[in-house]
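J.: The numbering of the sequence shown is the UniProt record's numbering, which starts it at 1 and goes up by one.
Hint data in this document are derived by calculation from the structure and do not stem from the laboratory. Careful: at least some of the hints might be erroneous.
[Claimed, not checked] Capping the alpha-carbon separation at 25 Å, the derived lysine-lysine pairs in DSS-like fashion look like this:
| id | residue 1 | residue 2 |
| --- | --- | --- |
| 1 | Lys135 | Lys116 |
| 2 | Lys65 | Lys116 |
| 3 | Lys38 | Lys77 |
| 4 | Lys98 | Lys44 |
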Amino acid sequence: MSGVLMSKIFIGKDMESRLIAASESGDLSTVKKLLKFKVNSNSKDSDGTCALSKACAGGFTPVVKLLIENGCDVNMKGRLNVTPLHAAVIGNYSEVVKHLLIAGAKPEAMTVTGIKPIDLTKHESEIWNIINDVKQGDMPEIEEVSEVFEVPDFSIPGGEKKARKKSGKGKKGKKGKKGKKGGKKGGKKKKKK
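Full structure from sequences and hints, please.
T.: Dropping the structure here:
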C-alpha cells in the first residue's frame, strides 16, 4: 500500500514540475492538459518559484490567464518574497500586469529587501501608470484580441455584393451570339456522302 502512495506522490511531483516547465516556456496546450488532470496550479520548483511567476517572467499572457482562471494564487511569494507581479514588472509585460492586478495582485507587495513592483519600473512608464492607477482605485482595462480574422462582407454568400457596371446588353448564354459561326448552330458538322 505504501508503494502505491509513493508512486502517486512521485507522479504528482513530476506533473507539477512539468507544469512549471510548460509555464516557463509558454506552452499553453501542455498547461491546459496538465490542469485538466487537476495538477496543483500553485506548484513551486526547488527554488520556491511558482508556475505563475515563471509564466509572468516570460510574458506569456495566455498561460497567465489560464493559471489565474484555474485558481492560482496571484500573491504567492517565492524566494526572497518575489511575487508574480514583481516578475511581470521586471519583464515590462503590461498585459500580464493588468491580468494580475484585476485578479487581485497586491501592488504594495514587498520583497525581502523592501522593493515594491512600482519600484522596478521607470517613472511615468505605462506599467508605472497602471500600478499607480490601481493604487488610486482605477482598475485597468484589458483589450481582448480576437483570434478570428475579420472576413469582408462580399466574401460571404448573401453578404454585400459588388456593384457591377451594366453595358446595356444582357448576359449571353453558353453559346454566345447567334450567328457567331455564320448563322449555323454549334455542334458537329455532318459529312456529305
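J.: Each of the hints needs a verdict: does it hold here or not?
T.: How the hints compare with the structure:
1. Pair hint lysine 135 plus lysine 116 holds up; C-alpha atoms about 12 Å apart against a cutoff of 25 Å.
2. In summary, the hint linking lysine 65 to lysine 116 is supported, as the alpha carbons are separated by about 22 Å, within the 25 Å threshold.
3. With a C-alpha separation of about 22 Å, the suggested pairing of lysine 38 with lysine 77 holds against the 25 Å cut-off.
4. Restraint check: the Cα-Cα separation between lysine 98 and lysine 44 comes to about 23 Å, which is no more than 25 Å; the hinted pair holds.
When each numbered hint is compared with the structure, no violation occurs for any of them.
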